[in-house]
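Q: Oh and the sequence shown: position 127 is 127 in full-length UniProt numbering, straight run, nothing missing.
Since the hints were derived computationally from the structure, they do not count as laboratory data.
Any given hint could turn out to be false.
What the hints assert, rightly or not - Between beta-carbon pairs, the in silico distance windows are: (1) Y85 with E174: 26 to 34 Å; (2) Q52 with D149: 44 to 52 Å; (3) D149 with P40: 33 to 41 Å.
Every residue, glycine too, gets a C-beta built ideally from N, C-alpha and C.
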Amino acid sequence: MSSIRTLFAAKRMFNFTNMRHLTARIGPKTRDMSTISRFPVPERSSLPEDIQQVMNETEEKANFVPNVFKALAHRPEELRAFLHYYDVVMTNESGLTKAEKELIVVATSAANNCTYCVVAHGAIHRIFSKQPLIADQAATNWECAEISDREKAILKFAMKMGRAEPVKESDFEELEANGLSKEDAWDIGAVASLFALSNRMAHLMNCRPNEEFYVMGREKREKKDN
1 MSSIRTLFAA KRMFNFTNMR HLTARIGPKT RDMSTISRFP VPERSSLPED IQQVMNETEE
61 KANFVPNVFK ALAHRPEELR AFLHYYDVVM TNESGLTKAE KELIVVATSA ANNCTYCVVA
121 HGAIHRIFSK QPLIADQAAT NWECAEISDR EKAILKFAMK MGRAEPVKES DFEELEANGL
181 SKEDAWDIGA VASLFALSNR MAHLMNCRPN EEFYVMGREK REKKDN
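Turn these sequences into a full structure, and let the hints steer you where they fit.
A: Here you go:
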């Protein structure tokens, strides 16, 4: 699931013009709300003003509103709390890069069979990392993905957290051997734990990814000389 600040940062890197081009290519959707959630999806105008503002700003900047915003709006207080915690965990000062955090989301969400989070955060990872293939590799089998030893150490620890396995001192030692501190371990655990919740809520709601996420960051674009 994507908070507004992370989504905006990713869209800025991707270029809003490109995003609008892709959404135009996909075409306008008259999506039945039942394909977004098996629970009632409220009309935007019926939501609290701050939630409406988040959706309006997202749509203005990205040209679409993530389906998870609409689905979680079934309970606005829970959506508000989730977005706040997401922003704290995913955008805080950290020894982990934004791309590394998104890679954690992709790998642990794949282990939890969460299509929404794999697709949406795979898109954001592609944009932050500027690597169009790695997210797909990590979602399929992170141990065989073409990633660094540091990233493999991060994902090994994250997968343990995602499965709620006991954490041992040897796990911290392995992180340390790859240049990662105990504070970094906390961040890894926080991301994996937050998305363990997110994955389960996506399953509960049967929330489907927006089609826009599937195409974001797939093509390497050469910078044009002005």
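Q: A separate judgement is required for each hint: does it hold in the structure or not?
A: Here's how the hints hold up against the structure:
1. Restraint check, Y85 to E174: a C-beta distance of roughly 27 Å satisfies the suggested window 26 to 34 Å.
2. The beta-carbon spacing between Q52 and D149, approximately 45 Å, falls within the hinted interval of 44 to 52 Å.
3. At about 47 Å, the CB distance of D149 to P40 disagrees with the hint of 33 to 41 Å.
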